[in-house]
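A.B. asks: Residue numbers (my numbering), protein chains in the order written: chain A, 1 to 758; chain B, 1 to 130; chain C, 1 to 492; chain D, 1 to 141.
No lab work stands behind these hints: they were computed from the structure.
Hints should not be assumed to be uniformly reliable.
[Said to hold, decoys possible] Derived coverage of chain C by chain D (criterion: at least 3 residues anywhere in the stretch with Cβ under 8 Å from a Cβ of chain D; other residues may be distant): (1) 2–13; (2) 51–60.
[As the list claims (entries may be wrong)] Now the in silico label distances, taken between C-beta atoms and shown as ranges: (3) L676/A <-> Q264/C: 27 to 33 Å; (4) L62/D <-> G99/C: 27 to 33 Å; (5) V197/A <-> G54/C: 37 to 43 Å; (6) G99/C <-> L676/A: 48 to 54 Å; (7) G458/C <-> S7/A: 15 to 21 Å; (8) G206/A <-> K102/B: 44 to 50 Å; (9) L632/A <-> P59/B: 19 to 25 Å; (10) G99/C <-> P223/A: 54 to 60 Å; (11) R11/D <-> K152/C: 40 to 46 Å; (12) R609/A <-> K152/C: 33 to 39 Å; (13) G99/C <-> S7/A: 39 to 45 Å; (14) L14/A <-> K152/C: 48 to 54 Å; (15) G683/A <-> S98/D: 54 to 60 Å.
[What the hints assert, rightly or not] Derived PhoX-like pairs (lysine-lysine); straight-line CA-CA distance at most 25 Å: (16) K102/B <-> K152/C; (17) K60/D <-> K7/D; (18) K708/A <-> K103/D.
Every residue gets a Cβ at the ideal spot worked out from N, C-alpha and C, and that includes glycine.
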Amino acid sequence: MILAVTSAFLGALLAPLVYRWLGQLAGWGLALLPLGLTVYFASLLPTVVAGETVRHSAAWVPTLSVNFSFYLDGLSLLFALLITGIGTFIVIYTGGYLKGHPDLGRFYMTILLFMASMLGLVLADNIVTLFVMWELTSLTSYLLIGFNHTEFRSRRAATQALFVTAGGGLALLAGLVLLAGMGGSWEISELLAKGEVLRAHPWYLGALVLVLVGAFTKSAQFPFHFWLPNAMEAPTPVSAYLHSATMVKAGVYLLARLQPALGGTEVWSSTLMAFGLATLLTGATLTFRHTDLKRLLAYSTVAALGALVFAIGLVPLTSYYGAVGFATFLLAHSLYKGGLFMAAGAVDHEAGTRDINQLSGLFRVMPITGVAVGLSALSLAGLPPVLGFIGKEVLYLAALQAAPAWIIGLAVLGFAVGATLALILTVPFFRGQPPTGVHEGPPSLWLGPVVLAGLGLLVGLFPGLYNPLADAVASAVKGAPTSYHLKLWPGFNPALLLSLLTVAVGVGLYFVYPRLQAWMAQDPLPGPENAYVALLRGLLRLAARLEQTLQSGSLRAYLVWVFAGLSGLVGLALWRGGPFRWPGETSALSPAQLVLVALMLLGGLLVLRLRSHLAMVVVAGIVGAGVALLFLLQNAPDLSITQFLVETLTAILIALVLLQIRNIGEVPRGRWLDKLVALLFGGLVTVLMLGMLSEPIELHLTQFFAEKSLPEGFGRNIVNVILVDFRGLDTFGEITVVGLAGLGVYALLKRLRREEKP
Amino acid sequence: METWMALLVGGLSAVGVYLMLRPHLIQFLIGFLVLGNAANLLIFTSGRLGSAFPPLVQPDGTVLAPYANPLPQALILTAIVIGFALAAFGIVLFFRAEQVLKTLNAEAMPERLEAAPAPSPVDEVREERA
Amino acid sequence: MSWLIVLPLLIPLTTGILCLVLGSRSAQRVLGLVGALGLLAAALALLSQVNQRGIQAVQVGNWPAPFGITFAADHLSALMVLVSGVVAVVVALYALAEGDTPREQQGYYALSHLLLFGVNGAFLTGDLFNLYVWFEVLLLSSFVLMILGGSKAQLAGGVKYFAVSLLSSILFLVAVGLLYGATGALNMADLATRVGSLAPGLRDGLAMLFLGAFGLKAAVFPFFFWLPASYPAPPVIISALFAGLLTKVGVYALLRVFTLLFTQDTAFTHTVILWVAGLTLLLGVLLALAQGELRRLLSFQLVSHIGYMLMGLGILTPLGLTGSVFYALNHMIVIAALFLLAGLLERLQGTTVLVRMGGLYQSHPWLAVLFLLPAFSLAGLPPFSGFWAKFTLVAAGLQAGQYAIVAVALLVGLLTLLSMGLVFAEAFWKNPPRPLAGTPTPPGLGVPVALLALLALGLGLWAEPLLALSQRAAQELLEPSRYIEAVLGVSR
Amino acid sequence: MNTLILKTTSRFLFTLLLLLSVFLLLRGHNEPGGGFIGALVAVGAYALFALAHGLTAARKLLPLPPLRLVGWGLLVALLSALVAFFLNKPLMTGVWFSLLGVKVGTPVIFDIGVYLTVFGALLSAIFGLEETADRTPEEAP
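Only chain A is shown next, with the shape it has when bound in the complex (with noise of 0.2 Å):
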């Protein structure tokens, strides 16, 4: 399993290669890998129906306890063959779709990495692992959104794709880094054998909201559903295989694989099915602002996902219906969902258009194409003899078993349109003049469809063939051995009665929408997506304010932060720390030295009040012969000596400087929040050296340079001993500033010489 899914990143990524060399037959060429992982897939079916499981980990991180581990039973099973197995036809279609298109080498290559992301999504049994997955789907589905990338809107959408999908990701990680802290494990497979101790668990709630966000962003559900419609923006091969049959479910995959773990909760199932109940209301009312093929199946999507959600709600109140409701309608969908989709651009690409409104009398022109569409919209209306009828019918046995009857009505008003929309499809193939010039396309654009509705059918004439996968996906959804039979024609029961009550309230659905979308269509309707851009656009406001008020440009400005932060930290480190001890004086000050000092502070004040750079200057040298003196009369020849030299020589540099600069401006006054500041500073350095006086110093360090500076140094002033000898390394540090200071005056000075010559 873990060869399967390596050699599909690795597939991917030649993908390219395989374009240059194939041309326009890569199509079918790269088809034989996802064809090849879904008869791998495929061959493991008799072992999962068995009731087994198959398990495959390698070491990846030890250090973080991450495994590349991968899991199959019958839930990642019905996954992998889906996205394997429409994959093919995705990928065979593409090569007909976009024929010629220069991106295509690439496009093929980043599908076909999505596939293999989205396999390692399902299949995963290491919660990393499955992060990793989940963000590559995000990453390329981000890629592919944006495919036709010179358009603006098809950019806004892959970033809104983008935003949302990763945002939700993100809450995910810290959902499932929680889960993995409660459960004690990083391996879902060990999670799930652990539901009760983290139902139990005091983060439960936190690990729930978080997993939630993550999913219902992930699947589209109320509030985040806005970003699917606008992700159709993307090649039709896109939309038909993230949008529909895949990428979409992941969320749907996450929920249901947690299932046993997190479920069976008053709040799991109760949110499960309100947010479930909504988005499939909401997807199933904005259905009718759209005349655009695209844009429809889109919103019909949304509907759908919403009922698997709210189907993973109903899971644990139900005896098995709910997992098997789950299991069958998510197959008949994802089939539907994936040929109406290849069909819908089978259209586009012939007839040149996807508004309903303009097309008509295709099935003369398009047989093929409209025989695919008449039986996956049967499956999407919920109609026997298809697998979607069969679906639907347990949904409502499990509905009837768990649900009040509100809701049980509501969400036959969200199935209702799945029958308007089934109408509304078909109708432009079987009415109206046939338009001209337009014809049945290649083979690669109808077998997709025609394939998937076909299985759709073949399934629904004997649901035999998948009852035992059906049971294996439920019992893993359950998280007990469950298993149903499943029939095409169960007898009169109340869910047949909702059936009908569905069929009827769709097809009277269908009189009035024309009426309905010209009223919804006019205005841009309030919801979820509005906030998204009001939230982006306050984003974008606030930071330009902050920058102004922040980055402002004012070197000022900035000063005055490093020193108020730095104030304010220190300030409220010595507060915290309470009073110390008045340090003790271990001399007196000579009358020279305090002289000294006195003359020193009145230097520094009138600094200040001199108006003259020059005279400033002059007197902050002053002050530093004062600092000379006092290192003289404290017995610091070298310092004396060094210090006098150093005050001589920047004294020299800035005057040479200040007589060059004609223009030198004034010299401004200061502000009181400077004055604030500057004492608020000085204060506390007062205060700091208070502290630090009052600390009693160990001199072991003079001790030994005063033993060892002759014997073994041979100096006699231990202070140039320190210097060249001890603490030489320091030197050479200091001589290398030295060394650059002259390079880089030289650096500044020579481009000056350059320009100023003619």
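Given chain A, work out where chains B, C and D should sit, using these hints.
C.D. replies: What follows is chains B, C and D alone, placed relative to chain A:
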């Protein structure tokens, strides 16, 4: 003596900071020099005061006590030299900046030479034509 | 063996000096690359040594610790040196491919290697005052590099960079002086055994002073404003070098000081660090969203992501520190790649103003890949190196119950992704609004970027070795006694 | 300023200051002084000479361009630090030997490196600035 030094260092620091906060770069530099002197005095004081002799070993191998702590002196020497290198580079940098930017007022030096509108994920942003 | 620890200093120093002494420019070019490769090799040898034998220490001048200056290499130091070697090699390759003659004349090679000298000195020294000296070495070389060429923008940015850096130097000096005056020690291991007995107010006040001095270097809130004001100005190769190395020195110093010295009152100090981390993360990324110029945008991203490294330090658990170390290493690679890429884009399109760019997805598809790898890595998406860093930090934060900072970290990841997505949409996907005037691009400029990008991918797919090393670094940081023993226990 | 007296005395002073600087350098290990102080004095000597005789004349008195001197100074310092390698001691370990009855050690050589570096760097800065100062009045636009 130590208390006085603490006050002196604090006072010089305040003066230095205040000068550094002025927008004029020459004053900034002078502020840096004053603050540097304050820092050196601080380090000097950190080795404690009250010496009577410089830290020189007599030819007979003894050091006359109480001698001044040589370690802070060495540290300050390094710091002075580095400070000097920084100041020397700085003054030439400011000189050069004045030649090119025609001002010594840091507030008048632009941080961005051209306007660049930020892209937005929801609205298409185009460059505004002047 | 003791020479192995100082090799990462001696190699760039020798290279730098030889570049100064030799006049020939072609000799300098060769030396530049050879020196960088030598540094990388030495760093690898040092890391394997540390990995096998534990923390290594050498007493410079053969004076016993704590009297002389000690150089010590633990996993953190060795890893930092290693990545600085990687960045050095890549930048040297870029310089070689670019062949910018006027800048070479002014001593680019000498300066960049002296910068590395300072950076590695800072990573390896075990003495606080010596650390100050290294900071100055790398500062001055960075000043000169920043203004090489002397354009308007460089001088305006250089002035701000210089001014704020002066401040950080003085603060550091004051902090070292105060610490010496209170304890009588300069050797960090020696200090570690003494700081605990200080009065709490003084101790925490000093801790904050160090936070300020190093925070200025690391560019964290509220000390980061200088960075976006200056990093976009110099030629991109210099920005990349700075972005990869300089802020990380500040981060390294914070990691060192706040695990070795100031660990007595973590309820205060490390909470402050968490606040600083959170604010840096948020403000950095928000300000990045307001940018329309690529290099300035990257500068804010650089700032923002420093917050992640502090986050792990603030959490102060083995996992948190592992995340911090890994993040710092990963970030050095990723941000250097992005800055170099920005330079490539500027060459190809003649501008880095996003709204004016476009069309690269069509014309240079491989460049798009080279952008997406580090960009997604920066946003912390799998399977790139940044993901493991962020994942570790998030897991650490959740385990430590620091939910607020985890929320911030995740949100910032999302906003980074948005910001990178916008850059991609503008520079690569969109059609350029008007014809672009690019300059001829020498072949081979893409190679160093590709190396870094592949490293970001490779470290994502096979994160184990580096993560395991980061974990060992974190364990050492949390057990200061091992460091102290290695430094003080070595006799002459 | 360019009087004959200045020119003659400056030559004399120049030699004196240079000698003083070398003296300060060499005695630094035992008495106040050292490489840095010595270099500052030497820079003073050259600055004075340049003032009296012009920059070109002062440059002619240098064995190498000032920036090259920086490189050589650093190289000397580096080599003095590396000597210990051959004795299997750590970096910068002091090695002492007698030369004509005078005790010479690597730290002293290191100090000479300091002297050269500081001298070269400072001189390059001062010469550079004086050069622009000489020209600015007439050449500025």
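A.B. asks: Evaluate each hint against the coordinates.
C.D. replies: Quick rundown of the hints versus the structure:
For a cut-off of 8 Å, the count of residues in the segment 2–13 of chain C with a CB near a CB of chain D stands at 5, and the three-residue condition holds. With 3 residues having a beta carbon nearer than 8 Å to a beta carbon of chain D, the segment 51–60 of chain C meets the requirement of three or more and the stated coverage holds. About 32 Å separates the C-beta atoms of L676/A and Q264/C, a value consistent with the hinted range of 27 to 33 Å. Distance hint check for L62/D and G99/C: the Cβ-Cβ separation is about 32 Å, which falls inside the suggested range of 27 to 33 Å.
At roughly 40 Å, the beta-carbon separation of V197/A and G54/C lies within the given 37 to 43 Å, and the hint holds. Checked against the hint of 48 to 54 Å, the C-beta distance between G99/C and L676/A comes to roughly 52 Å, which is consistent with it. The hint said 15 to 21 Å for the Cβ distance between G458/C and S7/A, and at roughly 20 Å that hint holds. At roughly 59 Å, the beta carbons of G206/A and K102/B sit outside the given window of 44 to 50 Å.
Separated by about 23 Å at the C-beta atoms, L632/A and P59/B satisfy the suggested range of 19 to 25 Å. Hint check: G99/C to P223/A, Cβ distance near 56 Å, so the stated range 54 to 60 Å holds. Between R11/D and K152/C the beta carbons are some 44 Å apart, a value that agrees with the proposed interval 40 to 46 Å. Between R609/A and K152/C the C-beta distance comes to about 34 Å, which sits within the given range of 33 to 39 Å.
Separation of G99/C from S7/A is about 43 Å and conforms to the stated range, judged on CB atoms against 39 to 45 Å. Take L14/A and K152/C: their Cβ atoms lie about 49 Å apart, and the range 48 to 54 Å holds. Checked against the given bound of 54 to 60 Å, the beta carbons of G683/A and S98/D, roughly 56 Å apart, stay inside it. Note on K102/B and K152/C: the hinted pairing holds, with a Cα-Cα distance of about 10 Å set against a maximum of 25 Å.
Pair hint K60/D plus K7/D holds up; C-alpha atoms about 16 Å apart against a cutoff of 25 Å. With a CA separation close to 17 Å, the supplied pair K708/A and K103/D stays within the 25 Å bound.
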